[in-house]
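What follows is each chain in one-letter form.
Number of protein chains: 4
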Amino acid sequence: MLIVMRTDASQDQIAAIVNRVEIHGLIAHLSHGEERTVIGVVGDGRPYQYHEQFLHLPGVERIVPISPPYKLASRDFIPENSHFPIDGIEIGGPGVVIIAGPCSVESREQILEVAQAVREAGAHALRGGAYKPRTSPYSFQGLGEKGLQYLAEARQATGLPIVTEVMSTEQVQVIAEYADVLQIGARNMHNYSLLHGAGASQHPILLKRGMAATIEELLMAAEYILSHSNRRVILCERGIRTFETTTRNTTDINAIPVLKALTHLPVILDPSHSTGNWQYVEAVARAGIAAGADGLIIEVHNNPAEALSDGGQSLRPERFATLVCQVKAIAEAIDRTVASNENSHPPLSIPAEVGS
Amino acid sequence: MLIVMRTDASQDQIAAIVNRVEIHGLIAHLSHGEERTVIGVVGDGRPYQYHEQFLHLPGVERIVPISPPYKLASRDFIPENSHFPIDGIEIGGPGVVIIAGPCSVESREQILEVAQAVREAGAHALRGGAYKPRTSPYSFQGLGEKGLQYLAEARQATGLPIVTEVMSTEQVQVIAEYADVLQIGARNMHNYSLLHGAGASQHPILLKRGMAATIEELLMAAEYILSHSNRRVILCERGIRTFETTTRNTTDINAIPVLKALTHLPVILDPSHSTGNWQYVEAVARAGIAAGADGLIIEVHNNPAEALSDGGQSLRPERFATLVCQVKAIAEAIDRTVASNENSHPPLSIPAEVGS
Amino acid sequence: MLIVMRTDASQDQIAAIVNRVEIHGLIAHLSHGEERTVIGVVGDGRPYQYHEQFLHLPGVERIVPISPPYKLASRDFIPENSHFPIDGIEIGGPGVVIIAGPCSVESREQILEVAQAVREAGAHALRGGAYKPRTSPYSFQGLGEKGLQYLAEARQATGLPIVTEVMSTEQVQVIAEYADVLQIGARNMHNYSLLHGAGASQHPILLKRGMAATIEELLMAAEYILSHSNRRVILCERGIRTFETTTRNTTDINAIPVLKALTHLPVILDPSHSTGNWQYVEAVARAGIAAGADGLIIEVHNNPAEALSDGGQSLRPERFATLVCQVKAIAEAIDRTVASNENSHPPLSIPAEVGS
Amino acid sequence: MLIVMRTDASQDQIAAIVNRVEIHGLIAHLSHGEERTVIGVVGDGRPYQYHEQFLHLPGVERIVPISPPYKLASRDFIPENSHFPIDGIEIGGPGVVIIAGPCSVESREQILEVAQAVREAGAHALRGGAYKPRTSPYSFQGLGEKGLQYLAEARQATGLPIVTEVMSTEQVQVIAEYADVLQIGARNMHNYSLLHGAGASQHPILLKRGMAATIEELLMAAEYILSHSNRRVILCERGIRTFETTTRNTTDINAIPVLKALTHLPVILDPSHSTGNWQYVEAVARAGIAAGADGLIIEVHNNPAEALSDGGQSLRPERFATLVCQVKAIAEAIDRTVASNENSHPPLSIPAEVGS
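Chains as they are written, first to last, in this note's numbering: chain L, 1 to 356; chain W, 1 to 356; chain A, 1 to 356; chain G, 1 to 356.
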């Protein structure tokens with residue numbers, strides 16, 4: 001880090017800073033400019049520990065961090081792309097991965113029907129919430145473990161691995177029993193208890209960016225998980241909160257190439273939440289792949305007008321099928337592919353009462 | 001709510017919407033404008049349940065909510081200011097309440113020394129974190145239950161009630177044993193499991209606004225707690241995230257009069273986090289009281305340059321004492337007061353090895 | 001518009017509002033909900049004129065606009081895509097248009113060399129600033145009319161039409177003599193004098209979104225130009241200002257499909273400004289086309305490290321040529337094309353001292 | 001400035017940077033950290049000229065500016081508060097200055113009546129727009145020079161100096177004939193032609209912060225004016241655009257102490273625009289003074305429900321009079337004053353047909 005001194009800092013104040021730097025076992029490099037002195041601090045493996053403290057010392061104007069505060073998530077640490085299989089589907093490699101399904105699991109019939117539909121359209125994994133974070137305590141809060149059981153049935157029926165959200169540390173164990181990937185939602189990106197708990201489970205984690213989180217903070221949240229030697233972290237851009245109100249969030253499409261430059265972890269886009277409106281999902285999904293995302297997570301509902309949550313941003317299965325075709329075309333235009341979902345475990349049997 | 005139809009919506013589409021409104025047991029009022037029809041929906045006690053669903057119906061352009069989605073927190077529901085005592089200190093009444101203390105409890109000596117100092121300066125309650133949410137997994141994470149014990153000692157020594165942060169549902173019980181007020185931090189404002197758990201404890205709750213939370217979302221989070229018949233909720237503005245970077249956050253001073261207009265709950269300001277820099281804390285603290293806040297929560301550290309967290313935004317005790325005098329002058333200018341902290345439980349005994 | 005009354009509004013207050021609505025020659029529709037009355041106002045061709053005034057009347061809680069405040073820019077007004085030629089190059093049709101060139105015209109040699117390079121790479125028009133809006137009064141402010149003359153030479157040499165920025169009403173006439181398209185920059189999107197002056201020139205206008213302008217405000221700015229019966233307006237998304245700082249701006253990729261839904265005007269993307277970093281320009285340019293943009297405007301410099309402005313976001317000609325190939329592939333993947341730039345006026349002669 | 005090299009930068013790349021630094025006549029200081037080398041550049045009086053260029057050189061990760069880009073506006077340059085009289089009223093000194101009046105001049109009667117009312121309430125200067133920047137081309141655009149004449153009459157009648165907005169360079173001369181202070185509005189803060197034109201007039205300038213302008217950019221805009229040796233610049237915080245929508249803008253109250261720390265120029269607050277709602281104007285006005293602002297500019301209208309612009313944020317004269325009393329109390333609480341407006345030129349005569 002660098003300590004920028006005030007223009008009126010005295011020689012004594014500078015000497016006191018240098019002294020304190022050395023007390024911490026670090027080395028100070030002075031650079032005397034025309035207007036102010038800058039003190040470079042070397043050897044500070046985790047300099048963010050000291051930032052705030054130096055800010056209070058006499059003569060200090062501000063602190064400039066130099067090294068990023070994350071290590072394990074950094075491309076400086078692991079230069080090559082991380083890639084790993086989720087139940088046979090490789091993520092982070094050349095193939096683009098598509099995760100799809102309803103916002104919430106609402107019933108056995110619903111999840112089986114949607115699972116079947118997205119599998120036929122080409123999806124590689126099934127999403128669906130059993131525990132739902134809702135802004136209002138009066139909204140549908142999810143089916144809980146019953147929902148997890150329905151998801152397990154859907155996996156058995158379609159062979160699709162399951163991605164579902166975990167909202168608190170207590171849920172980690174039960175959800176890990178049913179799900180292939182634990183999702184940490186945008187509202188919990190700063191929930192450090194949960195990051196620790198999910199990381200310790202050694203399950204693959206889909207980590208969504210908080211709606212006001214910087215890219216650096218997203219990488220710091222990933223660092224919590226990685227610090228448990230759990231390397232299977234998928235980052236997900238899902239829109240940030242800005243002044244623009246025609247869409248629910250603003251898709252930070254820049255984040256795709258920026259993240260791919262800063263980290264080795266796979267990066268996917270959630271155009272359903274990043275727009276909040278089904279009409280814009282296809283355009284933004286295509287944009288995400290064109291920008292270099294390793295995958296998409298998309299809300300699909302068989303009857304959006306009856307959905308218990310987020311129906312307005314869900315695609316109907318037939319539009320989703322069209323979107324998969326568009327995504328394939330875009331992926332090929334940039335020399336990537338959308339793998340066949342035949343690689344997933346073969347569906348065992350489809351319950352008689354459901355079909356399409 | 002209102003359903004705004006597209007300019008090209010057909011009579012059949014309008015009829016289908018009306019039909020669906022009535023299926024839900026609601027009443028539809030049609031208003032045919034020159035360009036488009038608007039359908040008013042009446043009887044929708046919890047209309048936000050339906051928003052998303054109507055958005056998908058043919059001919060619908062957008063949905064406009066009319067009633068606020070919160071009820072128990074609303075001034076429409078409870079017109080008078082809510083006020084309640086915290087260990088003898090009234091909050092929400094004419095007196096302005098000042099909560100002060102370090103970001104983290106770092107040691108027995110530190111918390112006792114700071115507690116003594118803020119009490120002498122006139123503070124009414126002591127803050128201090130035993131469990132800390134930290135952006136980095138490598139930063140100091142708090143002393144845990146040992147920190148709670150030190151806080152209890154500080155209460156015994158000074159008579160000041162304790163405000164401390166709870167980060168997960170599992171911590172609620174132990175923290176409720178030691179603390180007078182449970183704080184839910186900005187990063188957890190959307191952590192619904194925690195809101196439920198803290199609400200159920202029946203302890204007073206200090207609820208901080210999330211850094212990207214709208215005022216409506218803050219009131220919805222309060223609604224979670226209030227729905228447990230726990231009426232003792234204190235709302236706290238602590239700065240929001242914007243494009244401006246000279247301060248860590250942007251103090252939304254407008255939120256003070258807006259919240260006072262929308263809700264009956266007490267509203268306080270945290271100028272330490274809302275500026276992130278001790279140099280600006282005094283000015284913004286004064287502004288908060290001038291704008292009508294019911295109190296302040298301020299970071300004070302006996303040695304900010306050695307603080308293990310957030311030292312850069314902490315005031316030294318002597319500056320805090322000056323600030324309390326300024327706050328008194330401002331409070332009197334708007335016909336409020338800063339009550340004497342002699343009302344708090346008398347300090348029992350001050351441990352021999354600590355003093356000031 | 002709708003006038004939402006307070007829950008405690010009296011019958012007299014409601015009657016007074018209705019009376020005032022009728023005084024304005026408008027019609028009031030009442031909808032009595034359980035909690036509050038909503039008054040629909042019909043016949044208000046330009047309702048935004050009245051918004052503020054009703055807000056002050058007793059019993060009024062808030063005003064909800066229903067019709068968008070723009071008319072001429074709206075798809076409700078003109079359902080089909082507007083498309084028009086710029087010196088032979090069609091914009092707004094199936095072909096994707098690429099505008100490229102340096103941030104500033106720095107010298108005759110520089111602009112001729114870059115013009116030649118972008119033409120060979122496939123660009124359809126040449127950009128370059130003769131008058132520059134600069135944050136600092138100490139920065140290079142542009143070559144002025146001399147820069148316009150060099151641009152004219154570059155057009156003659158390459159056949160590429162010229163896009164250049166106009167910063168004030170006085171400049172409109174002289175720039176209109178040299179340029180094919182007048183650009184109104186992000187900083188001037190709210191400069192209404194300039195919008196009127198540029199609109200009156202009857203030249204095609206490239207209108208950039210202000211860095212904190214909503215999509216609705218961008219359309220209102222276009223309305224200023226359209227109100228001069230100047231239909232040739234190209235809208236440009238160039239990034240908005242948000243809390244994220246790893247890129248200079250945040251590309252609002254959602255704005256592409258949203259604008260295509262709301263307006264008939266052509267929409268292009270400026271990935272150079274929307275990222276502010278050449279490393280991310282290619283990914284975001286591809287994303288823009290995938291999302292449905294009608295074109296791109298991209299900064300290209302023959303020697304970015306020597307550029308007098310915005311060198312850090314400029315591509316070298318060889319990377320730009322690669323990008324054009326990528327854009328073609330993406331355009332084809334969504335059934336669009338990148339037209340050959342042979343349709344532009346044939347280059348007349350290339351000055352002997354410049355070449356590549 | 002500092003040039004931060006990539007972790008994989010080679011010795012040759014570092015040497016090439018140093019070489020280029022020296023070509024510019026600057027001095028390079030190297031600091032070799034554990035992970036990366038940082039090159040301090042000394043002697044760079046205007047380093048922002050070079051930022052972008054170095055960003056393109058091989059091995060460079062990013063550029064960190066050290067000195068602020070503004071000079072004349074900085075407290076480093078002029079440590080003492082700048083203060084100067086406006087027609088006898090001192091601004092920037094211990095007295096708090098209150099500017100009040102309608103958004104727009106609508107008629108002779110209106111401006112005379114409001115001027116009289118705000119003078120009696122204690123205002124020191126009269127505001128009122130003759131030329132109006134309006135989002136919609138269909139909204140009232142101001143009375144133009146006729147409005148200026150009415151303002152001059154109001155000054156004659158009340159003795160209050162006049163503050164009015166200038167929207168383009170052509171208007172500077174005529175407005176300077178009538179007005180005592182030229183206002184540059186938020187939408188024009190980045191209109192550099194206008195900043196030059198207004199600065200050259202040598203009139204006092206009230207410069208409003210753009211709605212998405214950083215504090216640094218506001219100071220850079222002031223630098224444009226100061227570079228014309230026009231030292232009489234008043235900065236005005238008027239709210240910034242954020243995600244919060246219950247108020248039209250978010251009052252950045254932090255900006256008051258931050259600006260007072262960074263610059264010697266007087267700083268005032270516009271609570272009418274920063275909230276956009278008359279109900280919140282008083283609370284935020286008080287907050288501004290408590291935070292250290294040197295003055296206020298407030299919209300007052302004799303009949304807000306009939307106002308042709310911004311009626312919803314205007315105070316009635318009687319509420320404004322109450323506010324002035326509150327501001328006096330707050331000012332005294334922080335050892336400042338609100339000077340009597342008897343110091344202003346004595347009113348000459350009040351036209352017979354107007355009074356109150």
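No lab work stands behind these hints, which were simulated from the structure alone.
Hints are not guaranteed to be accurate.
You can't tell identical chains apart in this list, so a pair holds if it fits in one copy or across any two.
[Unchecked claim] In the DMTMM-like style, the derived pairs of lysine to aspartate or glutamate whose C-alpha atoms are separated by at most 25 Å in a straight line are:
1) Lys71 - Asp8
2) Lys328 - Asp12
3) Lys146 - Glu170
4) Lys71 - Glu34
5) Lys71 - Glu61
6) Lys71 - Glu35
7) Lys71 - Glu113
8) Lys71 - Asp335
9) Lys71 - Glu170
10) Lys71 - Glu177
Results of checking the hints against the structure:
Only between protomers do Lys71 and Asp8 lie at most 25 Å apart by alpha-carbon distance; the minimum there is 15 Å, versus 36 Å within a single protomer. With identical chains, the CA atoms of Lys328 and Asp12 are never at most 25 Å apart, being 65 Å at best within one copy and 37 Å at best between copies. Taking identical chains as interchangeable, the C-alpha atoms of Lys146 and Glu170 lie at most 25 Å apart whether they share a chain (16 Å) or sit on different chains (23 Å). Taking CA atoms no more than 25 Å apart as the test, Lys71 paired with Glu34 passes between copies only; the shortest distance there is 13 Å, against 35 Å inside one copy.
When the C-alpha separation of Lys71 and Glu61 is checked against a cutoff of 25 Å, the pair qualifies only between copies, where the shortest distance is 16 Å, while the shortest distance within a copy is 27 Å. Proximity of Lys71 to Glu35 under the C-alpha cut-off of 25 Å is restricted to the inter-copy arrangement: shortest distance 11 Å between copies versus 34 Å within a copy. When the C-alpha separation of Lys71 and Glu113 is checked against a cutoff of 25 Å, the pair qualifies neither within a copy, at 43 Å, nor between copies, at 37 Å. Taking CA atoms no more than 25 Å apart as the test, Lys71 paired with Asp335 passes in neither setting, with 30 Å inside one copy and 43 Å between copies.
Within a single copy, Lys71 and Glu170 get their C-alpha atoms no closer than 28 Å, and across copies no closer than 30 Å, so neither meets the 25 Å cut-off. Taking identical chains as interchangeable, the C-alpha atoms of Lys71 and Glu177 are never at most 25 Å apart, the minima being 30 Å within one chain and 38 Å between chains.
In summary, the structure is inconsistent with hints 2, 7, 8, 9 and 10 from the numbered list given earlier, while agreeing with the others.
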